[in-house]
Amino acid sequence: MQALRESQAAQAGSNFTTVVGGSDFDEEYLTNVTFGEQDFLLIVDTGSSDTWAPQIGFACFDLDNNPVPQSQCAFGTSGYDTNASTTFVADPDTNFNIEYGDGEFLTGTVGFDTVTVANMVVTNQEIGVVTNAAWEGDGFDTGLMGLASPNLTSVFKGTNPDDDEFPQTQIPYNPVFYSAVQQGVVSNPFFSVALDRGSFAAQNSSDLDQNLGFIAFGGIAPVDVTDTAVTVPVQGYNAASFLPENGSSVTYFYYTVDVESMSFTGNDKVFGTTNNIILDTGTTLDYVPTQVADAFAAAFDPPAVKNEDFGVYEVVCSATVPEFTVDIGGVTFTVDPADNLLPLGIQDDEGNDLCASGTFDGGPAEEGNIFILGDTFLHNVVVTFNIETDEVTLTQRTPYTNGGNGARRRSPESLRRRSS
1 MQALRESQAA
11 QAGSNFTTVV
21 GGSDFDEEYL
31 TNVTFGEQDF
41 LLIVDTGSSD
51 TWAPQIGFAC
61 FDLDNNPVPQ
71 SQCAFGTSGY
81 DTNASTTFVA
91 DPDTNFNIEY
101 GDGEFLTGTV
111 GFDTVTVANM
121 VVTNQEIGVV
131 TNAAWEGDGF
141 DTGLMGLASP
151 NLTSVFKGTN
161 PDDDEFPQTQ
171 IPYNPVFYSA
181 VQQGVVSNPF
191 FSVALDRGSF
201 AAQNSSDLDQ
211 NLGFIAFGGI
221 APVDVTDTAV
231 TVPVQGYNAA
241 SFLPENGSSV
251 TYFYYTVDVE
261 SMSFTGNDKV
271 FGTTNNIILD
281 TGTTLDYVPT
291 QVADAFAAAF
301 DPPAVKNEDF
311 GVYEVVCSAT
321 VPEFTVDIGG
331 VTFTVDPADN
341 LLPLGIQDDE
351 GNDLCASGTF
361 DGGPAEEGNI
371 FILGDTFLHN
381 VVVTFNIETD
391 EVTLTQRTPY
401 TNGGNGARRR
411 SPESLRRRSS
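The opening residue of the sequence shown carries number 1 in full-length UniProt numbering; numbering runs sequentially from there.
Careful, some of the hints might be misleading.
Pairwise CB distance ranges, derived in the manner of DEER restraints [as the list claims (entries may be wrong)]:
hint: 1; residue 1: Val-185; residue 2: Pro-92; range: 23 to 33 Å
hint: 2; residue 1: Asn-188; residue 2: Val-232; range: 12 to 22 Å
hint: 3; residue 1: Glu-245; residue 2: Val-225; range: 27 to 37 Å
hint: 4; residue 1: Asn-65; residue 2: Thr-169; range: 15 to 25 Å
hint: 5; residue 1: Asn-83; residue 2: Ser-248; range: 41 to 51 Å
hint: 6; residue 1: Asp-39; residue 2: Phe-112; range: 13 to 23 Å
hint: 7; residue 1: Ser-248; residue 2: Glu-366; range: 22 to 32 Å
hint: 8; residue 1: Val-232; residue 2: Pro-302; range: 33 to 43 Å
hint: 9; residue 1: Val-331; residue 2: Asn-307; range: 30 to 40 Å
hint: 10; residue 1: Asn-151; residue 2: Glu-366; range: 17 to 27 Å
In case anyone wonders, no lab produced these hints; they're calculated from the structure. It should be emphasised that the depicted structure is a prediction, and the values quoted were computed from it without experimental measurement. Note that beta-carbon positions come from the ideal geometry of N, C-alpha and C, so glycine has one too.
Sequences and hints are given; from them, build the entire structure.
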């Protein structure tokens, strides 16, 4: 953690740029965040909005809500001591209550503290103080920093989470970057993310890759890019139906964009559009419509085959992978084949190493189904999120070799989907 903090300080500047590290077999991206005077590594998540850490003495549960030892939650520290923070102020008669897409859930209290990330200091920031956690941690993270809309935050009236109803008792608040803009801390109302893919190599593996990309608050992530770029509006939602909708009265939740088509090398079929796909740093894979995922897996040589127990498409790691493409705003973005071979650390009956496709079956392309462009796609672009204009800019990165120190991956069930 100290090495990551020192690297962050070296990268920080007037636009508050810092590195992110890879954890959990390079399936999650962490950065150093300070609550008051206490330092934590937090997951960087554009698919949710709340910033939180567990309170010292928290209770740990499994995903079936059974009590388990604290160690099973696998946080990187013993937690956040609100009594030791001179700037912490409790928020009475409220509670924090969130569930993520992979089944993890958290409840607790709410408070305000000074939050610092990339030398960007945000005062009086509302945060979740988790007292009950069902969390499958990586031994490094001690919580999460959410960067999506205030409308997606998870603070509610009253102190009993059993009484919470969204949105009836929700109390929306400004997430960290929204507060930074409101307080005039940053010079520009946008932040930018560039996530590197980790090394494929298993030897000399490390659980924490110290330098695996950048996040820039008020600036642009400093990586090499091409001239392929587009700026598109964030897709709004009908607040009542939670369905995508265009117009002046929409509500924003996620960084959702209209995708015009998805395809891959050698494909002669144009797959349909979807206006309900999220750009999410907290999700490992791309979750795309079933017909796209099935056709893409079949185009591997040899074909990737769905593991029905875990839902991933498995293939030998020596397979030839077609280049996946995503069309947004009339511009085609490409996904490096390396991002569609994720080593699983297991072998088939013939002793061949097995990989998973980075492109997952997200279900049928039907009304109400939300899809995700996760780290598989995001490794290939710089994404700039403008919270003032409600736009995102995507820029194709220059091809690069795998980053990080070399990390193994674990079994298919560990692949993350953390949209709230």
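We went through each hint and held it up to the structure:
no., hint, result
1, Val-185 - Pro-92: 23 to 33 Å, "holds, 27 Å"
2, Asn-188 - Val-232: 12 to 22 Å, "holds, 18 Å"
3, Glu-245 - Val-225: 27 to 37 Å, "holds, 32 Å"
4, Asn-65 - Thr-169: 15 to 25 Å, "holds, 21 Å"
5, Asn-83 - Ser-248: 41 to 51 Å, "holds, 47 Å"
6, Asp-39 - Phe-112: 13 to 23 Å, "holds, 18 Å"
7, Ser-248 - Glu-366: 22 to 32 Å, "holds, 27 Å"
8, Val-232 - Pro-302: 33 to 43 Å, "holds, 36 Å"
9, Val-331 - Asn-307: 30 to 40 Å, "holds, 34 Å"
10, Asn-151 - Glu-366: 17 to 27 Å, "holds, 24 Å"
This entry satisfies every hint, going by the numbered hints stated previously.
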